[in-house]
Amino acid sequence: MASITLNDTLGAAFLGNIAAACFYGITILQTWIYYGRNGSDRAYLKVLVFILWALDSLHLALVTHAVYVYAVTDFANLLALEMPIWSILIQVVVTGVSDLLVRGIFCQRVWKLSNRNWPLMIAIVVTTLTVFGGSIAFAVKGFSLPDYFALSSISDILYISLGVGVIADILIAASMCVLLAKRRTGFAKTDSMVRVLILYSVNTGALTSLCALICLITYATMPDNFIFIGVYFVLPKLFLNSLLATLNARRPLREAGSGPMVSIPISTTSNSRMSHSGMPQYSPGAREDQMGLQIQVHTSTELKTDPEPHIGDIEIREKDWAAIYGRAQDSVAITV
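Residue numbers (the numbering used here): 629 to 964.
Any given hint might turn out to be false.
Claimed, not checked - Pairs of lysine-lysine, DSSO-like flavour, derived with a Cα cap of 27 angstroms:
1) K817 with K769
2) K740 with K674
3) K817 with K740
Hints were generated in silico from the structure; no laboratory data involved. Model, not experiment: these values are computed from the prediction.
Using the sequences plus the hints, can you model the full thing?
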């Protein structure tokens, strides 16, 4: 049996609790921004965000309870650090449920972008359910363990769960990047928005995969301390904040690609006639049939100038450089 030291047991758990609390503050801010900015989202997505926030709050409460018991209730009792308490194991279940919901939302995005690519969806769903099942199995078997040193008997569950979690996150991020890259249109503004979305996808997969990988490595190299547990405390916070960041970035991206709106009233041809000046005139009964047509036009033009002619040239043929080298980009959105 390995000796117990406070620095890499209680100290590691304490630092993990502080980091989780900091990320929870960011979660509250991003949740507030989401409900204030995305009122037009569907009801099920709003409910899911609330459930995820509630699970994140419960997760922090469980982590804080575990650290309080070890640091205050069992103060100066080193042998108590050997025993896994219920809140440590329950937070594993809460993490599994939270990650399942977050990956489910990302999975829905991949489903829509891939035009219902079944092989890709099956791969993501299988890896996601494997991680969730591993979390439940680890917690259930953990209640029967006499101490933390007996974790080696169920270490295969931990290895599989964390390893498959890394694969699932990389698979989701890579799928999003490839599918978004195929949506490029050649227009500068549209491609810029696509690059931003790809960057969000890369950051989502990179942060969560890196955290899960660090947790896996620390447990494999140091299974007799709490360093891997401290890292594991932060994992669901990173995942949820990555999702909220992508949800909150939608409106700024839409506003960045929008322009001024012009409202043009139109009516049916049967109720209008042309005046001698060429302007349409509406009959009194035609006003009720008029519709509001909003046309949003964004135009940007790229031009290349004509190079300087040689001194010996006598005649220079005029060319329409705008027609040859210029490229106009028009983005029109019509709302009736």
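Hint-by-hint comparison with the structure:
1. K817 with K769: violated, 53 angstroms
2. K740 with K674: holds, 19 angstroms
3. K817 with K740: Status holds; Cα separation ~22 angstroms.
Hint check: a violation occurs at hint 1 only; the rest are consistent with the structure.
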